[in-house]
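Engineer: The chain contents come next:
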Amino acid sequence: MVKNRLFMLILAIIVSIPLNASAVEPSEILQNPQLELRARNLSQNIRCLVCQNQSIDDSNASLARDLRKIVREQLVSGASDSEIYEFLIARYGDFILLRPPVKATTYILWYGPLFIFFAGLSLSVLFLIRRKRVLPEEPLSPEEQEELSSLISGKEEG
Amino acid sequence: MIAELGHYALVLALLIALVQTTVPLYGAARNDFSLMGVAQPAATAQFIAIAIAFGALTHAYVTSDFSVINVAENSHSLKPLLYKISGVWGNHEGSMILWVLILALFGFAVAQFGIHLPPTLKARVLSVQASIGVAFLGFILLTSNPFLRLDPAPIDGRDLNPLLQDPGLAFHPPMLYLGYVGFSMAFSFAVAALIEGRVDPAWARWVRPWTLAAWIALTAGITLGSWWAYYELGWGGWWYWDPVENASFMPWLSGTALLHSAVVVEKRDALKSWTILLAILTFALSLMGTFLVRSGVLTSVHAFAVDPERGLYILAILVLFVGGALIMFALRAPSMKLGGLFQPISREGGLVMNNLLLSVATATVFIGTLYPLFLDATTGQKVSVGPPFFNATFVPVMIPLVLLMAIGPMLAWKRGDLSAAMSRLWFAVALSFGISIFVFWLHSNEPLTPVIGFALAGWLAGGTLKEFADRIGLFRDRLSRSLSKARRLPRSAYGMTLAHLGLSIFICGAVADSAWRTEVVINAKERDKTSIAGFEAQLESVNRLEGPNYHLERATVVIRKNGEYVTRVFPERRFYPVQQMPTTEAAIYTTLLADVYVSLGEGSKDQGWTLRLWYNPLIPWIWAGCLIMVLGGLISLSDRRLRIGAPFKRAHKKVQENGLLENA
Amino acid sequence: MRKLIYLGPLLFFIITAVYFALPILKGKDPRILPSAMIEKNIPDLNLPPLLETKPGIDKQALMGEIQLVNFFSSWCGPCRTEHDFLMRINKSEIIPIYGINYKDKQNAAKAWLLDLGDPYERIGRDIDGRTAIDWGVYGVPETYLIDKHGRIQYRHVGPLSESIFKEKISPVIKALRKQTNG
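Residue numbers (this note's numbering), protein chains in the order written: chain A, 10 to 167; chain B, 84 to 747; chain C, 751 to 932.
Some clues are possibly wrong.
[Stated by the list, open to error] A few chain A residues that face chain C, going by a derived Cβ cut-off under 10 Å, partial list only:
(1) R100
(2) F104
(3) F126
(4) L130
(5) L160
(6) I161
[Said to hold, decoys possible] Mimicking BS3-like on lysine-lysine, the simulated pairs with C-alpha atoms at most 27 Å apart in a straight line are:
(7) K112(A) <-> K790(C)
(8) K78(A) <-> K790(C)
(9) K465(B) <-> K918(C)
(10) K928(C) <-> K78(A)
(11) K497(B) <-> K608(B)
(12) K465(B) <-> K350(B)
(13) K860(C) <-> K465(B)
(14) K809(C) <-> K776(C)
(15) K916(C) <-> K928(C)
(16) K855(C) <-> K688(B)
(17) K465(B) <-> K78(A)
(18) K753(C) <-> K841(C)
(19) K918(C) <-> K928(C)
(20) K809(C) <-> K790(C)
(21) K776(C) <-> K924(C)
(22) K860(C) <-> K841(C)
(23) K841(C) <-> K78(A)
(24) K753(C) <-> K853(C)
(25) K928(C) <-> K804(C)
(26) K753(C) <-> K465(B)
(27) K918(C) <-> K809(C)
(28) K465(B) <-> K804(C)
(29) K350(B) <-> K568(B)
(30) K420(B) <-> K753(C)
(31) K809(C) <-> K928(C)
(32) K497(B) <-> K612(B)
(33) K804(C) <-> K841(C)
(34) K776(C) <-> K898(C)
(35) K568(B) <-> K465(B)
(36) K776(C) <-> K841(C)
(37) K78(A) <-> K804(C)
(38) K612(B) <-> K112(A)
(39) K608(B) <-> K78(A)
Treat the hints as calculated values from the structure; they're not laboratory data.
Just so you know, even glycine gets a beta-carbon here, dropped at the ideal spot from N, CA and C.
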């Protein structure tokens, strides 16, 4: 009898996901491990709107819990990832996604770093080429040559 | 009385800073030694004055003087002494005092130890440093004075946020500020060089130790903060790409580029403009960080109390100093003499690429952190940029950098032989391959991404070790010869090797933890068991207890492996009545190779408690790797060649001995 | 040309500084989210009544006239702050207010209204908070302005006050009324 109770009480599912954190309650966990995995991944991409920079997966705020439940309910009823995102975006805007969508308003965001890399690369290459042209190596003048040899011989003595 | 003394000391410091800004600068323009000489005692006096102010504020906290508003808002009589002291900098006003204290400390240090700096350069450097002090002391006195009184004084204070009542967090801000604010010295050197109109290798020799010191402190500070978040916040995460975390990471990335760039200026008299620009940029990022945290412009867990007026003031400081420096850069840098020649394929070339990649990394974090602000200001649209963005964009920039880190040191200065370098790297390839196979064998049915991460780490470690081995002729000469070479190697060589190895170890930890972390969440009553990663955990009991200024529930969890007892851990849930705030204190069982992390959730005897367990593979390697980087930096800093006085002194003595100069 | 490149960092910095200054000067609170439902139809809803004396709320009830929908809870402090003003709106009969009681205990909400007054034409109970999510609510109190076709025209986050009503909501109401008349 004790064993049955144990079994009923322990809703343990071992999940192997790239996880940083979790506020998921044992009662929320779905029976189907694949769906639960999707739920966790989706949740980590959905922002908790009443927290400061947390996902609904991380936060134990009540709104976060409600949103987690909705995600799981929709998964169980067969919704795809994008459908779930669409559902949330329709109500809360793009802001609710932690991974910003790639659209005209976010081109600078997503392609900026790449652009800067190529701009920087061109600048560096130009810079390196220009130096070769501007600074040819000059040989020493006769006076400088003499000074050099006297310094060297001075050092050998001293 | 003492608070008024502190207040007075601040005003005095401001006046001294004003003198220190103007007089030496004028003296340097006129080559007037007595005017330039004002800088040193002024810097000393400024430091002492601010130290007195800091001491006065600390006294108010330690004695729980609630007539001082700052103490009343942030402290409480029941708080343990350590947290009364750390509470001094746990709030906006107090932390600004710490800020200017460290600013003055660096000025004082240069004044004292920079005996052999050319007088004009020294005067200008201290002048610029003091000007920053003027700006921030003004800011404190006008908008953020911690010495204001409250009448009548309340009986007790509002207490410090419980999350901040923690040893790790007590030391995180001072360490971080030593870093952030420390980069002000590199900035001052850069601006002084622009004022002078020239940069010679000696300048780099003097810049490098201060930049290195700041870099070491910032690395340590960020590591402390990350480790604190890991054990304190209860969720086992160690990096959230939170705007304020990013605000400290950006100067670190830029500061790393600066450090490497300064090496080229010193050794080859090249990349001077880049180095100056990086010095300005790094401090600009520090100032920007200060602005972001205190202006309320971005939401963050870290943000201090929001105040737009303060935000505008700091923004004005930012515009004045960074704008001013960049104007000087645009005017002076083009006419600076170009330095040493080098081929694109050379160590200099490698360091140029290094600078470029680190700058792109900085830019990536910058764009990600500030884009929501930018978009909102232009279109009113709101968008979130969270960890998924940074993981997708930052990591790809790091990959070529890590690849480069093994190749660069193998190239000679001025003209490198790429094919020779690549053939020497056979060891790196072998190590990388070996580790990849091993990792793949351990986790064969899983995605390949972590294998790539470990391959990179192996490549970096192999390249670093091979470079060191080649330098001392290991396996090539007799062992005794190699050992004597090793003894004579400059400490900076050890520093570099350790720092790069540290990064490699960090990569292993970060990759392993992200990829293979496992989690178990259960509802457990007393004596229930569960298992994770080969360990068995049993909830023995949960007790209610009283702490110094909080109530708590403490669970006792027994961990066993293969039936054998391993350890007991005690996760807690605390409640601080004054601030009405609960916190979780996770219990961590650490081994060299992993952490078992146990966290207690809500619950009761009848319903059972929520128990969360994580198995975090190689996570100790994250902190170990960072600490090794800090160690490498410290060893490098202790290199005699980097001590500002040493080289000049030795040459100076020799010149005297040879009778070529009289009483020089 | 070369010299222009050296100006690059300065230009970039100036642009950045301007973008820092704008939000401070505009006085924006970064935590307030604009509604994604403006100009959209109100979602379907069917909420049970809170009181015996007043009906609950369904979609039909919210169509046909310009009205305010106010999400509130008895456990919410700012809701208490705005309640006085809601009572005044009710008294002056400028615009009808419909209340949605968000994630609340029935008795607590009843007692709250008894204590502070009841400004609502109808009150529906959103017991599990799903309706609120359908409206894009992320906290209480929030107030929505609905036109007579059942479209959301404005949302205010946080407690309502006379100044906010005058400055932000009144103009929208006036514009909507003009549309229907002229």
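Engineer: Against each hint, give a clear statement of whether it holds in the structure.
Structural biologist: How the hints compare with the structure:
At its closest, the beta carbon of R100(A) sits 4 Å from a beta carbon of chain C; the interface hint therefore holds under the 10 Å criterion. A least Cβ separation of about 6 Å between F104(A) and chain C falls short of the 10 Å threshold, and the interface hint therefore holds. With 10 Å as the threshold, the beta carbon of F126(A) stays out of range of chain C, its nearest partner Cβ sitting at about 16 Å, so the hint is violated. The interface hint given for L130(A) is broken, as the beta carbon of that residue sits about 14 Å from the closest beta carbon of chain C, more than 10 Å.
At a threshold of 10 Å, the smallest CB-CB gap from L160(A) to chain C is about 37 Å, leaving the interface hint violated. With its C-beta approaching chain C no nearer than about 39 Å, I161(A) sits outside the 10 Å limit, and its interface hint is violated. Between K112(A) and K790(C) the CA atoms are separated by roughly 22 Å; this keeps the pair inside 27 Å, and the hint holds. A hinted pair counts as satisfied when its Cα atoms are at most 27 Å apart, and K78(A) with K790(C) qualifies at roughly 25 Å.
For the suggested pair K465(B) and K918(C), the alpha carbons sit about 20 Å apart, so the restraint of at most 27 Å is met. For the proposed pair K928(C) and K78(A), the alpha carbon gap of about 43 Å is over 27 Å, so the pair is violated. Straight-line distance between C-alpha atoms of K497(B) and K608(B) comes to about 69 Å, which puts the hinted pair past the 27 Å bound. Simply put, K465(B) and K350(B) have alpha-carbon atoms about 48 Å apart, too far for the 27 Å limit, and the pair is violated.
Of the pairs offered as hints, the one joining K860(C) and K465(B) is violated, with about 37 Å between alpha carbons and a cut-off of 27 Å exceeded. Between K809(C) and K776(C), the direct Cα distance comes to roughly 37 Å. Violation of the 27 Å bound is thereby established for this hinted pair. Only pairs whose Cα atoms come within 27 Å are accepted, and K916(C) paired with K928(C) is accepted, the gap being roughly 17 Å. Under the criterion of a C-alpha separation no larger than 27 Å, the hint pairing K855(C) with K688(B) is consistent with the structure, at around 25 Å.
A hinted pair counts as satisfied when its Cα atoms are at most 27 Å apart, and K465(B) with K78(A) qualifies at roughly 25 Å. Among the hinted pairs, K753(C) with K841(C) is inconsistent with the structure: their alpha-carbon atoms are about 69 Å apart, more than 27 Å. For a cut-off of 27 Å, the pair hint linking K918(C) to K928(C) stands: about 16 Å separates their Cα positions. Only pairs whose Cα atoms come within 27 Å are accepted, and K809(C) paired with K790(C) is accepted, the gap being roughly 14 Å.
For the given pair, K776(C) sits about 25 Å from K924(C) by alpha-carbon distance, which is consistent with the 27 Å threshold. At most 27 Å may separate the alpha-carbon atoms for a hinted pair to count; K860(C) and K841(C) meet this at roughly 20 Å. At roughly 40 Å between alpha-carbon atoms, K841(C) and K78(A) are farther apart than 27 Å, so this suggested pair is violated. Straight-line distance between C-alpha atoms of K753(C) and K853(C) comes to about 64 Å, which puts the hinted pair past the 27 Å bound.
For the suggested pair K928(C) and K804(C), the alpha carbons sit about 31 Å apart, so the restraint of at most 27 Å is broken. Using a Cα cut-off of 27 Å, the hinted pair K753(C) and K465(B) is violated, with the two alpha carbons roughly 38 Å apart. In summary, the hint linking K918(C) to K809(C) is supported, as the alpha carbons are separated by about 25 Å, within the 27 Å threshold. Under the criterion of a C-alpha separation no larger than 27 Å, the hint pairing K465(B) with K804(C) is inconsistent with the structure, at around 39 Å.
Note on K350(B) and K568(B): the hinted pairing holds, with a Cα-Cα distance of about 21 Å set against a maximum of 27 Å. For the given pair, K420(B) sits about 14 Å from K753(C) by alpha-carbon distance, which is consistent with the 27 Å threshold. Only pairs whose Cα atoms come within 27 Å are accepted, and K809(C) paired with K928(C) is accepted, the gap being roughly 24 Å. At roughly 65 Å between alpha-carbon atoms, K497(B) and K612(B) are farther apart than 27 Å, so this suggested pair is violated.
The hinted pair formed by K804(C) and K841(C) meets the criterion: a straight-line CA distance of about 18 Å does not exceed 27 Å. Restraint check: the Cα-Cα separation between K776(C) and K898(C) comes to about 33 Å, which exceeds 27 Å; the hinted pair is violated. Between K568(B) and K465(B) the CA atoms are separated by roughly 60 Å; this puts the pair beyond 27 Å, and the hint is violated. Only pairs whose Cα atoms come within 27 Å are accepted, and K776(C) paired with K841(C) is rejected, the gap being roughly 34 Å.
With a CA separation close to 31 Å, the supplied pair K78(A) and K804(C) exceeds the 27 Å bound. Proposed proximity of K612(B) and K112(A) is contradicted: the alpha carbons are some 49 Å apart, above 27 Å. Of the pairs offered as hints, the one joining K608(B) and K78(A) holds, with about 25 Å between alpha carbons and a cut-off of 27 Å not exceeded.
The structure fails hints 3, 4, 5, 6, 10, 11, 12, 13, 14, 18, 23, 24, 25, 26, 28, 32, 34, 35, 36, 37, 38 (numbered hints given earlier, in ascending order).
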